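Going down the list, the protein sequences come from chains S and U. Positions 1 to 493 (the numbering used here) are the ones given, in order, by the first sequence. Positions 494 to 702 (the numbering used here) are the ones given, in order, by the second sequence.
Just to be clear, a hint being listed does not mean it is correct.
Stated by the list, open to error - Computed cross-link-like contacts, EDC-like style, restricted to lysine to aspartate or glutamate with a CA-CA straight-line distance of at most 20 Å:
no.: 1; chain 1: U; residue 1: Lys512; chain 2: S; residue 2: Glu481
no.: 2; chain 1: U; residue 1: Lys507; chain 2: U; residue 2: Asp495
no.: 3; chain 1: U; residue 1: Lys507; chain 2: S; residue 2: Glu173
no.: 4; chain 1: U; residue 1: Lys507; chain 2: S; residue 2: Glu355
no.: 5; chain 1: U; residue 1: Lys512; chain 2: S; residue 2: Glu355
no.: 6; chain 1: U; residue 1: Lys545; chain 2: S; residue 2: Glu481
no.: 7; chain 1: U; residue 1: Lys543; chain 2: S; residue 2: Glu360
no.: 8; chain 1: U; residue 1: Lys663; chain 2: U; residue 2: Asp650
FYI, nobody ran anything at the bench for these hints, they're computed from the structure. All values derive from a computational prediction rather than experimental measurement.
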Amino acid sequence: MMAELVIFQNGASKTVAFTGEEKLSVLLQRAGAYMPHPCGGHGSCGKCAVTVTGAVSEPNDNERRAGVRLSCQITVLGDAVVTLPDSPRDEQIETETGGLTGALAPMPGQYGAAVDIGTTTLAVKLFDLKTGACIGTAAGLNPQTAVAADVMGRIGAAMAGSLRLLQGQVTDEIERLLAECRAQAGVAGGPESLVLTGNTTMLYLLTGRDPECLSHAPFHADTLFGGETALLGCRAYLPPCMNAFVGADITCAVLASGMCGKNEIALLCDIGTNGEMALWKDGTLYVTSTAAGPAFEGAGISCGCGSVRGAIDRVWLEDGQLRVHTLGDADAVGVCGSGLIDAIAAALQSEQIDETGFMEDDCLPLSGSVALQPQDIRAVQLAKAAIAAGMEVLLETAGVSLGSVDTLYIAGGFGSHLNVESAAAIGLLPPALTGRTRIIGNAALSGAVQALLDQNAHQALDRIASLSVHVNLGGSPRFNEKYVEHMLFGDDE
Amino acid sequence: MDLHEISVQLQAGKARVVKTLVQQAIDEGIPAQEILEKGLLDGMSIIGEKFKNNEVFVPEVLIAARAMNQGVALLKPLLAEAGVKASGKVCIGTVQGDLHDIGKNLVKLMLEGKGLEVIDLGTDVSPETFVKMAVEQNCQIICCSALLTTTMGVMADVVKAAEAAGIRDKVKIMIGGAPVNQAFCDQIGADAYTSDAASAADMAVSLCG
């Protein structure tokens, strides 16, 4: 029997028809509705709450525990209506790539595009390859988020038969963003050449390659890319990855930072769900990655949100009171990554949180109904400890003291909005380096643009990758020790 | 001195204070076993209970565990001298293909807190190693941990390996980790699933009993 599911979102409705019974998450995906499932549909994170009426399954244990209906747990049995939270259409995605020179030895064709495939977001820049001018910029969410928020979840999904779906999701979205760029530029054709960067898993999924080898220790990638192929009807260059968890995005970011061209000790850090780090010292690039979890992207935080209108992005202390700024100066709807770090730094200063992360009060009110709960502070402790411990062990392995680091480069969308002082106050970044920190924006995209406009950069990328040495933190006793130490906010006495 | 103060400071995660107090108690001639039980283990079991009830979260447990480890380090030589006997023996590890060990280490700590002897096999442990060590060390329980959905399947291989080795009726198999649940435990024929470290310790004690 044919049944219909009506989906309301952003004040509009869509209908999807199906027979028999079907999981709601499958129907939403089929209808192209935006509904992230951060925990990969396990029903454990409680983040995919929806309002649903009609012929659907009874609430299960996971839903009863969460006290809401969860889109990942519901089975639709017949005609039903579901209302989804609005999709973040005005999400601000970092496409700022810093200063660029014109085209030197560009890739062939009239037009070319650089694409950064992030786990959460995609960013595209279209160029006129004859002049080196940027003629269009577009950004969107990675639709694979609907399948799973993190790379491991997506690798699991790909192995369970969704590889083609995941590949189609990302190529469709790139096509859409390219069309948006063409419209901005007022051009009908192109691009002829593409540079596509991203982490190793993203490139596996983009090229439809089975990521089984990335799913278990020893995490040995059976290809690291680094060459030309044909994709999306274009000549496509994929920059080299350094290993299974330090991808082409970091190789590109290192290129963009210029750190390997200088006679200095430099550290580059891209903070996201995974924290990737690269340390340049005496001709060797020590690289590592550490799993920070999604706290900095607002997931797993009770009032967390992305960089949407109404997100609290700045918090500071004024006359002993917490003050906030929201994006678009709208009423506060939640707190995004930069606001979260600020809020904790301010609460440590006002002693509303102690050095072990303990909060005397039940919660920390920020604005309106937006407040941080004790478990939110704990989630940040886990995330910042992973980054800080990773950084410390990387430095130790290379035999570098904090004092001898000349520059700390912070790459990536989260880092672009980060208040470095606050990050140092909570121990996410070493306080000793605040004066030597440079925020370099979406450096992965900058590096991809360089590779598009100057083919000599392909050699430079190969050289960076060949000089890299991987420092493994998994199961390292030193890392575990430092991880617990960095869980604290400062000294424990 | 009041050993309860050690428990309180441990719960607050004050490693240095705990260390000082434990040394003070030793100097006062209080038996090591008593300092361990009424001070450190008391504090850790309260943290474990609170964790089970969602009153505290992973960082508090890890911070308290850090304080406990510093206290235990002082007591270990004294306990060895006194020849305290364990109430059961367990081998524990993170399954093959998985390097995550924070959860596994927490369970280990809670098991030790219940007076069990724990053989830590580390991470990336093959099913054969689990079984071999259980036989060699005469363990009553094998504890398997996994954090990845892509590696949890190895737990089924551990059960099969134990069957193949003919020890399935002698050794209980416990499983845990973020992607695992009771349904999965039933499906692969393991003996017990627990959702947190404190429950795992309680379960292990009852299985050894």
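Hint-by-hint comparison with the structure:
1. U/Lys512 - S/Glu481: 17 Å, holds
2. U/Lys507 - U/Asp495: 17 Å, holds
3. U/Lys507 - S/Glu173: Between lysine 507 of chain U and glutamate 173 of chain S the Cα gap is close to 51 Å, so the pair fails against 20 Å, i.e. violated.
4. U/Lys507 - S/Glu355: 10 Å, holds
5. U/Lys512 - S/Glu355: Roughly 18 Å separates the two Cα atoms, so the pair holds.
6. U/Lys545 - S/Glu481: The hint is violated at about 24 Å.
7. U/Lys543 - S/Glu360: Given pair lysine 543 of chain U, glutamate 360 of chain S holds - Cα atoms ~16 Å apart, limit 20 Å.
8. U/Lys663 - U/Asp650: At roughly 17 Å apart (the allowed maximum being 20 Å), aspartate 650 of chain U and lysine 663 of chain U satisfy the hint.
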